[in-house]
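Visitor: Position chain E against the provided structure of chain D, taking the given hints into account.
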Amino acid sequence: MLTSFIHATGRHRSAALALPVLIGALAGACRLPEAQAPGPTRDDPALLEQTTDLLGAARASKVWTHRDQEAFNERLPLLTPESRLRLAKQWTGLITSKAIVLAGSPDQAAPPPKCTCVAAPCGNVGGVVDPANKN
Amino acid sequence: MPARHWSLRVSLAVLVVAGTATMISKDVAATGRTIDSMVRIRKVMMNGIAVSFTASGALASARSDASGAGLEEIGCWTVDGQSINCLAADASGSQAACIVADSVTVNGVKVSLGYVMRLAALNGDSFIRFAGVADDPNDPLTSYSCTSLQVENRSIYSPKQ
Numbered sequence: 052m053l054t055s056f057i058h059a060t061g062r063h064r065s066a067a068l069a070l071p072v073l074i075g076a077l078a079g080a081c082r083l084p085e086a087q088a089p090g091p092t093r094d095d096p097a098l099l100e101q102t103t104d105l106l107g108a109a110r111a112s113k114v115w116t117h118r119d120q121e122a123f124n125e126r127l128p129l130l131t132p133e134s135r136l137r138l139a140k141q142w143t144g145l146i147t148s149k150a151i152v153l154a155g156s157p158d159q160a161a162p163p164p165k166c167t168c169v170a171a172p173c174g175n176v177g178g179v180v181d182p183a184n185k186n
Numbered sequence: 204m205p206a207r208h209w210s211l212r213v214s215l216a217v218l219v220v221a222g223t224a225t226m227i228s229k230d231v232a233a234t235g236r237t238i239d240s241m242v243r244i245r246k247v248m249m250n251g252i253a254v255s256f257t258a259s260g261a262l263a264s265a266r267s268d269a270s271g272a273g274l275e276e277i278g279c280w281t282v283d284g285q286s287i288n289c290l291a292a293d294a295s296g297s298q299a300a301c302i303v304a305d306s307v308t309v310n311g312v313k314v315s316l317g318y319v320m321r322l323a324a325l326n327g328d329s330f331i332r333f334a335g336v337a338d339d340p341n342d343p344l345t346s347y348s349c350t351s352l353q354v355e356n357r358s359i360y361s362p363k364q
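Respectively, the protein sequence lines represent chains D and E.
Take the first sequence: its letters are residues 52 to 186, numbered as in my numbering.
Take the second sequence: its letters are residues 204 to 364, numbered as in my numbering.
Read the hints as simulated data drawn from the structure, not as lab findings.
Beta carbons are placed, not taken as given, at the ideal position from N, Cα and C, and that holds for glycine.
Please note: incorrect hints may appear among the correct ones.
[Claimed, not checked] Only some residues are given here: those of chain D computed to face chain E with a beta carbon under 8 angstroms:
#: 1; residue: PRO128
#: 2; residue: THR143
#: 3; residue: GLY144
#: 4; residue: ILE146
#: 5; residue: LYS149
#: 6; residue: LEU153
So here's chain D without its partners, still in its complex pose (with noise of 0.2 angstroms):
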């Protein structure tokens, strides 16, 4: 009998010990995604003005390029829920009204600068004759 005591306790001790270990793996397993952080409660005044700046530059150049909603995205949530929803809310309509344009790459929404060289005869560089080239 205390044989077959000690062998329950001790089924129950590993029962005890292996319980904490299984609620946790079960915790972990069951973790729901965690809300993200609402953000914080007062707007940094120049990146409102930067977020601002970008719809307002957006609006003048009438495009809107991946470069831009990339920065958007990333703004966006550096900013109180109140600037964010405004702001994203103010994109919404500029984009469906087609104030902007979506651009189809950002090199379509900012060509290369083109070449501004002079051109120069042959074999004349800067109004000197470059004698390896002279004829």
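Guide: Chain E alone, transformed into the frame defined by chain D:
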């Protein structure tokens, strides 16, 4: 951008009725079923202002069909886990975007609308459909609130090429 962001199912019958299919995937063509997976935007206009819209399309088709002449794009994402943004652009140049908060407070209790959760079901071959409504139908630059979001992951939509 962090892994953004979403399944409700729409019966095949609804899709067949709605679709005068212009793009038929190889898989679907073999079965004779037509599934329109191009990006489509339908706006309800009033006095030159879109008072509401619906946008739909498969992410894979939007990517495959994007050309230099016209941009097709569709997708939804979240930047804060508390709201979602949706955006669509079809081949004709029409565009639509909306935003919606993921939760509402009812009698002091915050209730999730499940938008962010639906984003978790979204993958590169998903078909999505969302709808938006103008917040102020009299304002030409009115903002738009999303009123629904459906995410479908079905074999009838061909994967990205």
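Visitor: Does each hint fit the structure? Answer for all of them.
Guide: Tested hints:
Against a cut-off of 8 angstroms between C-beta atoms, the interface hint on PRO128/D holds, since the closest Cβ of chain E lies about 5 angstroms away. Taking 8 angstroms as the C-beta cut-off, the interface hint given for THR143/D holds, the closest approach to chain E being about 4 angstroms. Interface restraint check: GLY144/D against chain E, minimum CB-CB distance 4 angstroms, threshold 8 angstroms, status holds. A cut of 8 angstroms between beta carbons decides the hint on ILE146/D: the least distance to chain E is about 4 angstroms, and the hint holds.
Satisfaction of the interface hint for LYS149/D is found here, the shortest Cβ-Cβ separation to chain E being roughly 6 angstroms, below the 8 angstroms cut-off. For LEU153/D, the interface hint holds, since its Cβ comes within 8 angstroms of a Cβ in chain E; the closest pair sits about 5 angstroms apart.
This entry satisfies every hint, going by the numbered hints stated previously.
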